[in-house]
Amino acid sequence: MQVEIAPTNAYVNFQAARSVNPRAEEPHLGEQAAVEVIDEPTRLQADERAVLLFEETNVMRRVIVRERERIIEVSTMDFLRILEAEQRIQSADAVFDRALAAGRSSSQTEKLKEYDPELREAVRETLRAAQRPPGNDQG
Numbered sequence: 000m001q002v003e004i005a006p007t008n009a010y011v012n013f014q015a016a017r018s019v020n021p022r023a024e025e026p027h028l029g030e031q032a033a034v035e036v037i038d039e040p041t042r043l044q045a046d047e048r049a050v051l052l053f054e055e056t057n058v059m060r061r062v063i064v065r066e067r068e069r070i071i072e073v074s075t076m077d078f079l080r081i082l083e084a085e086q087r088i089q090s091a092d093a094v095f096d097r098a099l100a101a102g103r104s105s106s107q108t109e110k111l112k113e114y115d116p117e118l119r120e121a122v123r124e125t126l127r128a129a130q131r132p133p134g135n136d137q138g
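One point on numbering: in numbering that gives the first Met the number 0, the residue at position 62 of the sequence shown is 61, and numbering is uninterrupted.
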């Protein structure tokens, strides 16, 4: 698994708008930036795919993606369900309810169910591996 911080045009444009209007906001900036990075021609090799964690289910309809089939959409609720299954949190629903009470507005849609079981397990294993201490290859 590879994690990196990459500069994006989405953020540069947002910063430029903020320099003119400090109260400027850009909805879905994180998702736009993530898709921009994923969509770079040299970013993904041959058969690699990218996992995009997002809060709102219709974000992929609002952004232009060249190779949409290479992006695996994982919703906030999917991620919480994985954390719950891995006993990292006690209840996905309780965390989600607290986020709503704090003013966050995420969708409860679970996108991961739309993929085949093998791919779903690969995503879960990738997230499990990210939580393991270095040198611990046990699941």
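Possibly wrong hints are sitting among the right ones.
SDA-like cross-link-like pairs, simulated, lysine to any residue; straight-line CA separation at most 20 Å [stated by the list, open to error]:
no.	residue 1	residue 2
1	Lys110	Gln44
2	Lys110	Thr125
3	Lys110	Glu30
4	Lys112	Ala91
5	Lys112	Arg65
6	Lys112	Glu54
7	Lys112	Arg97
8	Lys110	Arg48
9	Lys110	Phe78
It is worth saying that the hints were derived from the structure and are not from the lab.
Hint by hint, here is what the structure shows:
For the given pair, Lys110 sits about 24 Å from Gln44 by alpha-carbon distance, which is inconsistent with the 20 Å threshold. At most 20 Å may separate the alpha-carbon atoms for a hinted pair to count; Lys110 and Thr125 meet this at roughly 17 Å. Simply put, Lys110 and Glu30 have alpha-carbon atoms about 15 Å apart, close enough for the 20 Å limit, and the pair holds. Distance restraint check for Lys112 and Ala91: the Cα-Cα separation of roughly 16 Å lies within the 20 Å cut-off, and the hinted pair is therefore satisfied.
At roughly 23 Å between alpha-carbon atoms, Lys112 and Arg65 are farther apart than 20 Å, so this suggested pair is violated. Distance check on the hinted pair: Lys112 and Glu54 sit about 16 Å apart at the alpha-carbon level, within 20 Å; holds. As the CA atoms of Lys112 and Arg97 are separated by approximately 24 Å, the hinted pair breaks the 20 Å bound. Restraint check for Lys110 and Arg48: the C-alpha separation of about 16 Å stays at or below 20 Å, so the hint holds.
Note on Lys110 and Phe78: the hinted pairing holds, with a Cα-Cα distance of about 10 Å set against a maximum of 20 Å.
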